[in-house]
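A.B. asks: This is what each chain is made of:
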Amino acid sequence: MAHATAQKYYVPHGTHWPIIGSVALFTLLIGFSVLLNGTSGGEWLMVAGFLMLVFMMFRWFGQVIGESEGGLYNLQVDRSFRMGMGWFIFSEVMFFAVLFGALFYARQLSLPWLGGEGTDPWTNLFLWRGFENEWPSNGPGQIGGHFETMAAWGIPALNTAILLTSGVTLTIAHHALKANHRGKVAFWLACTFILGFIFLGFQAYEYNHAFTELNLTLKSGIYGTTFFMLTGFHGLHVTIGAIMLTVIWLRCLRGHFTPDRHFAFEGVAWYWHFVDVVWLGLFIFVYWL
Amino acid sequence: MSATQHAEHKHDHSHGHDDHDHGPPRGFMRWVTTTNHKDIGTLYLVFALVMLFVGGAMALVIRAELFEPGLQFVHPDFFNQMTTIHALIMLFGMIMPAFAGFANWMIPMMIGAPDMALPRLNNWSFWLLPFAAVMLLSTLLMPGGGPASGWTMYPPLVLQTGDAFPFLIFSVHLLGISSIMASINIIVTIMNMRAPGMTLMKMPLFAWTWLITAYLLIGAMPVLAGGVTMLLTDQFFGTSFFQAAGGGDPVLFQHIFWFFGHPEVYIIILPAFGIVSQIIPTFSRKPLFGYDSMVYATAAIGFLSYIVWAHHMFTVGMPLAGEMFFMLSTMLIAIPTGVKIFNWTATMWKGSISFETPMLFAVGFLFMFSIGGFSGLMMALVPVDFQYHDTYFIVAHFHYVLVPGALFAAIGGAYYWLPKWTGHMYDETLGRVHFWLSTIFVNLLFFPQHFLGLAGMPRRIPDYATQFADWNMWSSIGAFGFGFSQLLFVWVVIKCVRGGARATSQVWDEAKGLEWTVPSPAPYHTFQQAPDVK
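Keeping their order, the protein sequence lines are chains V and A.
Positions 2 to 290 (our numbering) are the ones given, in order, by the first sequence.
Positions 27 to 560 (our numbering) are the ones given, in order, by the second sequence.
If you are wondering where the hints come from, they were derived from the structure by calculation, not from laboratory data.
Small disclaimer: the values here were computed from a predicted structure and weren't measured.
You may find that some hints are simply not true.
Stated by the list, open to error - Using 30 angstroms as the maximum straight-line C-alpha spacing, the simulated DSSO-like pairs for lysine-lysine come out as follows: (1) Lys9/V - Lys312/A; (2) Lys9/V - Lys521/A; (3) Lys560/A - Lys228/A; (4) Lys228/A - Lys9/V.
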């Protein structure tokens, strides 16, 4: 692929993908709201909105890939994409931070207070007498009934190894791309997203185990809440990351990217490492400690 | 900040070397599909102006009901819906889009960039807003009515919202996505698109304040998104984030909300600081006093805004150490803000000042924002705040920083750059009349609310004890006066778009910066060839 570097900053003239994206999101969310309010028909709006969103992303990214391979982007455009991806990941970091914050708040503040610690024992004495702070907990109301927790050193530890390995294979693929060994790139990239999908398979198995055998659900008080919201949003991000890696792999097979120009590859790699780091936090604070 | 008068761009010989110097396409689709920063800026500004009147109409419903004691016009639940949606519309639909409009129009021209760095994303940032606004406003027609819990959406109250609940949550999500994308674009534009020689410390202060604002938005909006997502799952999926019985805590939501909410305060006011910092030097005919310290003060405010959030919740029962920390960190903010106020004052000191409309609004901002700043400092004191909490004093405080603060800066900025946008001078006489009407009525509207609050009148109620009747009546008169005065602004803008004295490139004799080197109205594409900045 020839990468003639454009002289000027590429400014597109008109686009209709954003308005399609807005209509798609609007339809999707209206459908979801209708469904949550218990009216039928919402699910069809959701499906329609989702399909529109997928179509929009496919075509929008497709157009950008075409422009990139056509040599319309100079180094300055490349830098814009890099910075944009970096700040996007920062916003994701803040999203996970608030979920972790909720976990820490529950463990360090709200549960001890409910158990009568601190200078105001009255909540405990008048409302929840006899409740003692412990972790894991489904609160003084025993919401969701008795449950068991997921052992850290079974599947979660294995999943940690899988994700860390996938980070290594991705780095090998990146070095191979820089050295222009295309065969190696394709192989190690494939390893990476296959490991990602294996991780997701284990997560699905684990969720099933939790629901059917441990009585651990989203409704198991604050433990179940934080456990499923954190691992669930992480799993969603692994799914997105694995799909992005697959796309990058397909692009590599088609001969996209050069040893020194491959923003999409690196952007996805950053995203993957970010998902990896979040998992380490999850493993330590959700499963282990 | 000495931008060289790089080229006397004129229509006839501008960019002869450009291969595609075409204008915009015609018709409605131009606005839907545009990737041009000036078009998108205009869209943002028009949207904000429309929302000013939508949110303003709700404010007038509130003030009409409060004109005298007793229940007159609306059902109390509808009154609560009005206070809730008025706030959401004014913050997310009016003032933030207004400043995003200024950013879109001015930042590329100020730093000598051909456009925003990510033009397609820029289009999407705007075009999510009308959908989010429709989603939010449609809740008023739903069974159970719109959200009535106040814009802060505290559980468990907000969980009593009817069918409107998921629509409220998802509209906040859409607004958040829009803000985050716009912020990413602004940061990348400023960091990557500056003309050669335009070092960070030569940038106009408006660009600097938006850089910090965008950083605050990317840090804060995902936190709000996470918080409202927790509300959604608590309501529909049985989670226990804010349920004590499950081990959660409703106060957790307040922490999450204000961890977003306090940076949000500075998200709204920093661009206003930026606009005022452009206007005051121009009409004082002096460079901005203490440019460097302005930059550092802005950065300091940005940092401090993340560690003061719990001063919104002093009465919630925090440990003493928490109250002390948040009190002291809050008072620290007075230092960088004071630096700014003194710098603006020092800029005017011994300047040859003239009071065109933008300057009137900037000086009005200086005085009245300071009033709001000082009442904020009063509320920073924990024991005193116990008295003020949830009274009309709070309402008076934040409206002083938002209306004669942020909104006055936005209106001043509009007058300042209208000639650059339209190519015509606005009607100076009408502009001044607009300023004086606004200033008189805004003080009549909000100043008595200080007295009401100190006397103990609670906020967010449709009825009150008769002892509060007099000041409420004056406040309502002020509200209607202020509201209808803004129609004059719309008239001035329309008149200016349609005609008027031709504006020169320079517009104001001592205005500095790259935006004044291009013709008025600014051509559809500017700085496709980067200017030289020395």
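A.B. asks: All hints, please: hold or fail.
C.D. replies: Hints, verified against the model:
1. Lys9/V - Lys312/A: violated (36 angstroms)
2. Lys9/V - Lys521/A: The hint is violated at about 38 angstroms.
3. Lys560/A - Lys228/A: holds (9 angstroms)
4. Lys228/A - Lys9/V: OK: Lys228/A and Lys9/V at ~24 angstroms, within 30 angstroms.
In the structure shown, a violation is registered for the earlier hints numbered 1 and 2, in ascending order.
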